[in-house]
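Visitor: Here's the letter readout for the chains.
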Amino acid sequence: MANFRLNRRTLLRGAGSIAIALPWLEAMGTEKHAYGAATPAQRFLAVYTPGGTVRAQYTPTGTETAPVLSPILKPLQPIMDLKKLVIIDGLDMKSAIGEQHQAGIIAWLSGTPQKGTAYSNGPSLDQVIATRLAAQKQRAKKSLEFAVRWATGKSKGLLSPMNVGNYEDNATFNPIPPRLDPAQIFTDLFGSLTPTPGGDAIIARKKSILDYVDKRYAALSSRLGATDRQKIDQHLTKIREIESGLVVPPPPTVTCKAPTKVDTADYNPRTGLNSSDNGSIKDLSTDTAIPKVGTFMMDMMVMAMACDMTAVGTFQWSDTEAKHTFPWLMLPEHHHFYQHDGGFKPVECEKICTWYSQMHLYLLQAMDKIDMGGHTLLDESVVMFGSEIQDPPTHVKTNMPFMLAGGGGGLLGGRWLKYASLPHNNLLVSILNLFGDTRQTFGDPKYCTGPLTNLV
Amino acid sequence: MQMPSRNIPSMRRALRASALPLVLALVGGCGSTIGDPGGPSGGGTDGKTSTGTSTGTGTPTGAGGATGTTTGTGTGPGGATGTTTGTGTGTGTGGAAGTGPGTGTGGAGGATGGASGAGGTAGTGGTGGGPMLCPDQMVHAGRSPLRRLTRFEYNNTVRDLFGDTTLPANALPAEELGNGFGNDADTLSVSGLLAEQYFAVAEGIATRATTAPAFAQLDACTSSVTAATEDACATTIIQKLAPVVYRRALVTGEADALLALAKSTRASANGTFAIGISSVIQALLQSPDFLYRIEFGVPDPANASLKRPSGDEMATRLSYLFFGTMPDATLRAAAKTGELLTKQGVLAQATRMLDDARSHSVVRFFFDNLLPINSLTDLTRDKVLFPTFSPAIGAAMHEETQQFLEYEIFSGPGTWPSVLTAPYTFVNDALATYYGMTGVTGAMFRKVPLPDTTQRLGVLTQGGVMTGTVTTNQSNPVLRGSFIINKLMCRQISLPTDPVILDQVKIPADTSGKTARERFSKHSAQPVCNSCHQFMDPMGFALENFNPVGQYRTQENGVTIDASGSVPGATGAINGPVELARKLAETDEVHFCFASHWLNFAYGRKLGQGDECARASVEVAFQKSGYNVKQLLLALTQTDEFLYFPGSM
Numbered sequence: 185m186a187n188f189r190l191n192r193r194t195l196l197r198g199a200g201s202i203a204i205a206l207p208w209l210e211a212m213g214t215e216k217h218a219y220g221a222a223t224p225a226q227r228f229l230a231v232y233t234p235g236g237t238v239r240a241q242y243t244p245t246g247t248e249t250a251p252v253l254s255p256i257l258k259p260l261q262p263i264m265d266l267k268k269l270v271i272i273d274g275l276d277m278k279s280a281i282g283e284q285h286q287a288g289i290i291a292w293l294s295g296t297p298q299k300g301t302a303y304s305n306g307p308s309l310d311q312v313i314a315t316r317l318a319a320q321k322q323r324a325k326k327s328l329e330f331a332v333r334w335a336t337g338k339s340k341g342l343l344s345p346m347n348v349g350n351y352e353d354n355a356t357f358n359p360i361p362p363r364l365d366p367a368q369i370f371t372d373l374f375g376s377l378t379p380t381p382g383g384d385a386i387i388a389r390k391k392s393i394l395d396y397v398d399k400r401y402a403a404l405s406s407r408l409g410a411t412d413r414q415k416i417d418q419h420l421t422k423i424r425e426i427e428s429g430l431v432v433p434p435p436p437t438v439t440c441k442a443p444t445k446v447d448t449a450d451y452n453p454r455t456g457l458n459s460s461d462n463g464s465i466k467d468l469s470t471d472t473a474i475p476k477v478g479t480f481m482m483d484m485m486v487m488a489m490a491c492d493m494t495a496v497g498t499f500q501w502s503d504t505e506a507k508h509t510f511p512w513l514m515l516p517e518h519h520h521f522y523q524h525d526g527g528f529k530p531v532e533c534e535k536i537c538t539w540y541s542q543m544h545l546y547l548l549q550a551m552d553k554i555d556m557g558g559h560t561l562l563d564e565s566v567v568m569f570g571s572e573i574q575d576p577p578t579h580v581k582t583n584m585p586f587m588l589a590g591g592g593g594g595l596l597g598g599r600w601l602k603y604a605s606l607p608h609n610n611l612l613v614s615i616l617n618l619f620g621d622t623r624q625t626f627g628d629p630k631y632c633t634g635p636l637t638n639l640v
Numbered sequence: 037m038q039m040p041s042r043n044i045p046s047m048r049r050a051l052r053a054s055a056l057p058l059v060l061a062l063v064g065g066c067g068s069t070i071g072d073p074g075g076p077s078g079g080g081t082d083g084k085t086s087t088g089t090s091t092g093t094g095t096p097t098g099a100g101g102a103t104g105t106t107t108g109t110g111t112g113p114g115g116a117t118g119t120t121t122g123t124g125t126g127t128g129t130g131g132a133a134g135t136g137p138g139t140g141t142g143g144a145g146g147a148t149g150g151a152s153g154a155g156g157t158a159g160t161g162g163t164g165g166g167p168m169l170c171p172d173q174m175v176h177a178g179r180s181p182l183r184r185l186t187r188f189e190y191n192n193t194v195r196d197l198f199g200d201t202t203l204p205a206n207a208l209p210a211e212e213l214g215n216g217f218g219n220d221a222d223t224l225s226v227s228g229l230l231a232e233q234y235f236a237v238a239e240g241i242a243t244r245a246t247t248a249p250a251f252a253q254l255d256a257c258t259s260s261v262t263a264a265t266e267d268a269c270a271t272t273i274i275q276k277l278a279p280v281v282y283r284r285a286l287v288t289g290e291a292d293a294l295l296a297l298a299k300s301t302r303a304s305a306n307g308t309f310a311i312g313i314s315s316v317i318q319a320l321l322q323s324p325d326f327l328y329r330i331e332f333g334v335p336d337p338a339n340a341s342l343k344r345p346s347g348d349e350m351a352t353r354l355s356y357l358f359f360g361t362m363p364d365a366t367l368r369a370a371a372k373t374g375e376l377l378t379k380q381g382v383l384a385q386a387t388r389m390l391d392d393a394r395s396h397s398v399v400r401f402f403f404d405n406l407l408p409i410n411s412l413t414d415l416t417r418d419k420v421l422f423p424t425f426s427p428a429i430g431a432a433m434h435e436e437t438q439q440f441l442e443y444e445i446f447s448g449p450g451t452w453p454s455v456l457t458a459p460y461t462f463v464n465d466a467l468a469t470y471y472g473m474t475g476v477t478g479a480m481f482r483k484v485p486l487p488d489t490t491q492r493l494g495v496l497t498q499g500g501v502m503t504g505t506v507t508t509n510q511s512n513p514v515l516r517g518s519f520i521i522n523k524l525m526c527r528q529i530s531l532p533t534d535p536v537i538l539d540q541v542k543i544p545a546d547t548s549g550k551t552a553r554e555r556f557s558k559h560s561a562q563p564v565c566n567s568c569h570q571f572m573d574p575m576g577f578a579l580e581n582f583n584p585v586g587q588y589r590t591q592e593n594g595v596t597i598d599a600s601g602s603v604p605g606a607t608g609a610i611n612g613p614v615e616l617a618r619k620l621a622e623t624d625e626v627h628f629c630f631a632s633h634w635l636n637f638a639y640g641r642k643l644g645q646g647d648e649c650a651r652a653s654v655e656v657a658f659q660k661s662g663y664n665v666k667q668l669l670l671a672l673t674q675t676d677e678f679l680y681f682p683g684s685m
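Chains as they are written, first to last, in the working numbering: chain A, 185 to 640; chain B, 37 to 685.
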């Protein structure tokens with residue numbers, strides 16, 4: 185498909201506050217960051233990788249400001265050199281209470297224990313940020329959740345056992361299913377932005393249809409009992425989100441252009457539906473396509489942000505089951521097998537974690553190439569990297585492998601921070617603070633002792 | 037909800053407290069919830085079953101209290117240190133099935149004590165001696181939370197509406213598992229992705245429906261439409277289509293609003309008549325009136341203080357239950373006559389529908405979700421270990437089980453015990469060769485007698501269930517046993533969450549044992565494992581005569597297989613798959629569990645507290661019919677929960 189370009193002015197309309205804020209900040213003499221410390225972060229992206237890490241090959245050496253990266257993190261050296269990466273050690277996921285993998289991914293962004301055998305007891309951080317940013321500006325998507333090779337093993341393509349990290353910022357904290365199909369994501373995000381004759385009319389017609397549907401839900405809601413009404417109201421909220429996201433495509437710019445479409449015919453995004461509990465059903469074609477598809481999906485996530493279609497994203501590399509293979513790494517068994525199902529295999533796990541670091545480098549570099557008007561997309565963002573456990577064989581959730589990247593909210597990069605067993609909810613509330621929310625606790629307050637003090 | 041009614045046929049007295057999930061707190065971290073232990077409801081000569089389970093070694097003090105006047109035989113494996121709140125004559129024998137003359141409310145056995153010696157928490161006792169739960173002459177309506185069409189139902193419905201056979205709803209995000217059938221109304225949520233996909237899917241369907249030649253199917257007026265006749269044609273289509281999509285008559289103003297939508301989109305730039313109609317269809321398909329099963333109810337004509345589903349609402353209930361799609365013309369007509377406002381009228385329609393082959397697809401869907409046969413088509417196994425197995429054989433096994441069930445239920449004896457012990461199956465040439473049967477030619481499946489009923493008998497011993505319950509190339513009696521205990525006996529034994537214990541319940545790392553029994557014996561040796569595995573493993577061991585791909589064997593690694601075992605809650609030892617099948621077939625708990633799955637599926641949620649009367653009436657009917665599956669399905673439509681709403685007008 186032909187690339188289209190948005191005009192720079194339209195783009196800056198979305199980033200208006202940045203354009204205004206920068207000179208002001210410079211006047212204030214805040215020069216230690218590439219991007220102003222007092223300007224709240226503009227975008228949040230959470231990246232999940234399954235199965236923790238191999239601590240011995242992960243933990244840096246050196247000092248806070250001169251860390252020496254160990255093998256697993258070595259691929260991220262260029263970002264560390266740019267002082268846009270913070271390695272955060274010594275945080276325990278104390279709120280992760282429940283099934284050993286599921287509780288981890290639930291608490292990861294929500295900071296709450298698992299609700300029975302089900303879901304989260306609170307909204308996830310990304311959704312709270314999304315609500316905040318949506319109040320400032322409506323975008324096509326309040327948030328985007330992507331997952332590569334998802335719902336393997338026991339979950340068999342479904343949400344349960346719990347494999348999502350995102351929970352609605354509403355009264356019921358419903359899990360949010362991620363988008364799985366790269367071709368469909370491309371059509372949804374970039375297909376309709378292709379300039380077509382009568383594009384305005386198509387949007388107008390969609391608005392008319394949604395307007396009718398909106399009225400039906402609203403009329404019905406008032407006639408229902410509380411429990412049923414909640415379902416209908418939730419649906420209505422989502423329809424209104426679609427409605428507000430229906431905007432005439434902005435004209436092209438240098439920054440915002442549809443990524444090159446990749447042929448993903450060899451990748452079955454719903455192959456999880458055919459999975460078996462222990463990963464014995466293998467889909468070699470789909471597994472082989474993971475690097476290609478993952479890269480394509482990262483491109484789309486980055487461009488959705490560059491085009492200001494959204495300000496909040498989550499990117500999952502598989503689910504907590506992670507029962508898929510890595511043919512490109514010459515690893516014929518699935519990840520969970522190497523974690524502990526087949527006995528802990530540190531060499532194989534290190535290979536996998538190192539590859540995830542390489543992919544993370546690709547993502548961060550892609551974000552750092554996008555000029556958002558004097559600073560890069562990465563500079564105005566906070567990118568969080570994490571997992572549901574720390575140590576594959578024991579599932580322990582102390583000293584979790586967390587990283588932040590970017591410069592949003594004045595995040596001060598180029599460092600390796602070490603804490604003494606603080607709850608990870610402290611990190612979650614600190615990230616929220618980077619977005620201008622001043623609350624002092626997040627998630628279950630039992631497991632939060634306040635924001636980390638030295639991120640900025 | 038209990039309301040007096042003078043018009044309700046004698047409601048069976050359901051006194052069975054054991055319908056309440058029985059929670060056992062087991063020692064040593066093996067949490068176990070035993071849900072829905074089966075037992076017939078009281079009344080008549082029905083006995084009482086109180087199924088408790090114990091891991092303890094303490095002194096049993098009995099279980100199974102009873103009040104009541106009739107006499108029956110109740111089996112109640114009492115808990116060690118069982119507790120019961122029942123009063124009466126019931127007695128239980130700890131650890132084993134006890135026989136007591138008690139009837140009425142069986143006390144649920146609690147469990148304390150355990151092999152590790154520490155005291156656990158007593159289980160939830162029954163409510164024996166309390167007021168009768170389901171007295172006659174009362175209406176026991178249950179909750180009916182708002183339901184939404186599943187992908188299966190959405191696909192079927194747009195097939196019937198527009199002839200669209202593209203299975204468009206497969207593009208929707210998967211349902212949450214909930215009750216195991218994807219239709220659990222209590223776990224419904226709407227993500228942004230779902231709402232978007234509803235739009236995209238509706239757009240596709242509407243575009244196809246308004247393109248020739250499908251367009252003319254909406255109404256003949258579309259083929260000769262002119263500027264002058266457009267509004268009339270649109271009105272015709274709306275009047276015809278919208279009430280069917282909404283499964284109710286339109287109310288004042290609705291047709292006008294839809295026509296206004298058609299006209300406004302028609303008038304947009306590059307708009308056409310087809311675009312106008314397409315917009316209407318997209319709006320209809322995204323409306324709550326289509327996606328959700330909205331019920332407001334009407335006063336019961338026989339008793340204005342009661343509320344029941346309207347004719348249209350009942351037509352929808354029946355139709356999605358038995359056909360998995362929108363009501364057909366017969367149901368819509370019955371909805372108008374008031375026929376569906378009576379219990380007998382509902383039964384008449386249910387009977388008609390079960391005699392219609394369209395009901396078979398729902399039964400197929402049910403079993404695809406109940407039995408582990410759905411992914412056989414994609415199953416690959418080690419080519420060296422199992423050279424004759426292939427995904428094609430897996431697909432044939434799936435078909436074998438489904439064709440067998442369809443025949444058995446709709447044309448055969450059709451009881452759940454007979455499903456479990458049928459001496460025949462369905463095979464084609466490839467599958468027959470795989471099983472080592474002779475004389476079957478051609479790709480068509482046909483009914484054949486099982487050549488050796490000492491090896492195979494009933495659905496459990498078919499290749500599909502035996503292959504689908506094993507997830508690796510190695511035998512795993514635990515997984516098979518766990519399938520039976522969880523899915524066929526409805527005892528939920530979940531994985532422990534304590535990592536220390538979980539660490540011990542992995543597949544044994546020591547693979548030196550020649551047979552699975554040797555390799556997995558540590559489960560019975562270690563008390564902490566045995567507290568749960570004592571229920572699963574003995575059934576799994578009895579199935580060891582089938583290898584991981586469902587082929588019969590007498591030896592493993594050159595050692596003769598010991599296939600002895602037992603069924604929890606049932607007396608007597610068993611040896612081998614056939615004896616296991618027979619034992620399960622004579623265990624009431626298994627049959628009530630089957631009924632429980634149908635109740636969950638039919639009512640679109642997980643039944644629990646407050647549903648005792650519906651459960652009881654279905655169980656009684658099922659038992660009285662000799663556990664006939666069709667009679668069970670009919671009974672689902674005859675409960676107060678199906679026929680009434682909570683609350684009065």
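Everything labelled a hint here was simulated from the structure, so no lab data went into it. Note that this is a predicted model, so its numbers are computed, not measured. Treat the hints loosely; a few may be bogus.
Stated by the list, open to error - Computed cross-link-like contacts, EDC-like style, restricted to lysine to aspartate or glutamate with a CA-CA straight-line distance of at most 20 Å:
{"id": "1", "chain 1": "A", "residue 1": "Lys-466", "chain 2": "B", "residue 2": "Asp-292"}
{"id": "2", "chain 1": "A", "residue 1": "Lys-399", "chain 2": "B", "residue 2": "Glu-375"}
{"id": "3", "chain 1": "B", "residue 1": "Lys-642", "chain 2": "B", "residue 2": "Glu-290"}
{"id": "4", "chain 1": "A", "residue 1": "Lys-267", "chain 2": "A", "residue 2": "Glu-248"}
{"id": "5", "chain 1": "B", "residue 1": "Lys-660", "chain 2": "B", "residue 2": "Glu-622"}
{"id": "6", "chain 1": "B", "residue 1": "Lys-372", "chain 2": "B", "residue 2": "Asp-414"}
{"id": "7", "chain 1": "B", "residue 1": "Lys-419", "chain 2": "A", "residue 2": "Asp-447"}
{"id": "8", "chain 1": "A", "residue 1": "Lys-466", "chain 2": "B", "residue 2": "Asp-418"}
{"id": "9", "chain 1": "A", "residue 1": "Lys-466", "chain 2": "A", "residue 2": "Asp-483"}
{"id": "10", "chain 1": "B", "residue 1": "Lys-299", "chain 2": "A", "residue 2": "Asp-461"}
{"id": "11", "chain 1": "B", "residue 1": "Lys-299", "chain 2": "A", "residue 2": "Asp-450"}
{"id": "12", "chain 1": "A", "residue 1": "Lys-321", "chain 2": "A", "residue 2": "Asp-365"}
{"id": "13", "chain 1": "A", "residue 1": "Lys-399", "chain 2": "B", "residue 2": "Glu-622"}
{"id": "14", "chain 1": "A", "residue 1": "Lys-441", "chain 2": "A", "residue 2": "Glu-425"}
{"id": "15", "chain 1": "A", "residue 1": "Lys-390", "chain 2": "A", "residue 2": "Glu-425"}
{"id": "16", "chain 1": "A", "residue 1": "Lys-391", "chain 2": "B", "residue 2": "Asp-292"}
{"id": "17", "chain 1": "B", "residue 1": "Lys-523", "chain 2": "A", "residue 2": "Asp-461"}
Visitor: Are the hints correct? Go through all of them and say.
Guide: How the hints compare with the structure:
About 54 Å separates the Cα atoms of Lys-466 of chain A and Asp-292 of chain B, which puts this hinted pair outside 20 Å; it is violated. Using a Cα cut-off of 20 Å, the hinted pair Lys-399 of chain A and Glu-375 of chain B is violated, with the two alpha carbons roughly 33 Å apart. Restraint check: the Cα-Cα separation between Lys-642 of chain B and Glu-290 of chain B comes to about 35 Å, which exceeds 20 Å; the hinted pair is violated. With a CA separation close to 12 Å, the supplied pair Lys-267 of chain A and Glu-248 of chain A stays within the 20 Å bound.
Between Lys-660 of chain B and Glu-622 of chain B, the direct Cα distance comes to roughly 14 Å. Compliance with the 20 Å bound is thereby established for this hinted pair. Straight-line distance between C-alpha atoms of Lys-372 of chain B and Asp-414 of chain B comes to about 46 Å, which puts the hinted pair past the 20 Å bound. Our distance criterion of 20 Å between C-alpha atoms is broken by Lys-419 of chain B and Asp-447 of chain A, whose separation comes to about 32 Å. Note on Lys-466 of chain A and Asp-418 of chain B: the hinted pairing holds, with a Cα-Cα distance of about 12 Å set against a maximum of 20 Å.
As the CA atoms of Lys-466 of chain A and Asp-483 of chain A are separated by approximately 27 Å, the hinted pair breaks the 20 Å bound. With a C-alpha separation of about 53 Å, the suggested pair Lys-299 of chain B and Asp-461 of chain A falls outside the 20 Å cut-off, and the hint is violated. Taking the CA atoms of Lys-299 of chain B and Asp-450 of chain A, the gap is near 43 Å; set against the 20 Å cutoff, the hint is violated. A hinted pair counts as satisfied when its Cα atoms are at most 20 Å apart, and Lys-321 of chain A with Asp-365 of chain A does not qualify at roughly 27 Å.
Taking the CA atoms of Lys-399 of chain A and Glu-622 of chain B, the gap is near 55 Å; set against the 20 Å cutoff, the hint is violated. Between the alpha carbons of Lys-441 of chain A and Glu-425 of chain A the distance comes to roughly 23 Å, so the proposed pair goes past 20 Å and is violated. For a cut-off of 20 Å, the pair hint linking Lys-390 of chain A to Glu-425 of chain A stands: about 13 Å separates their Cα positions. Note on Lys-391 of chain A and Asp-292 of chain B: the hinted pairing holds, with a Cα-Cα distance of about 18 Å set against a maximum of 20 Å.
Taking the CA atoms of Lys-523 of chain B and Asp-461 of chain A, the gap is near 16 Å; set against the 20 Å cutoff, the hint holds.
In summary, the structure is inconsistent with hints 1, 2, 3, 6, 7, 9, 10, 11, 12, 13 and 14 from the numbered list given earlier, while agreeing with the others.
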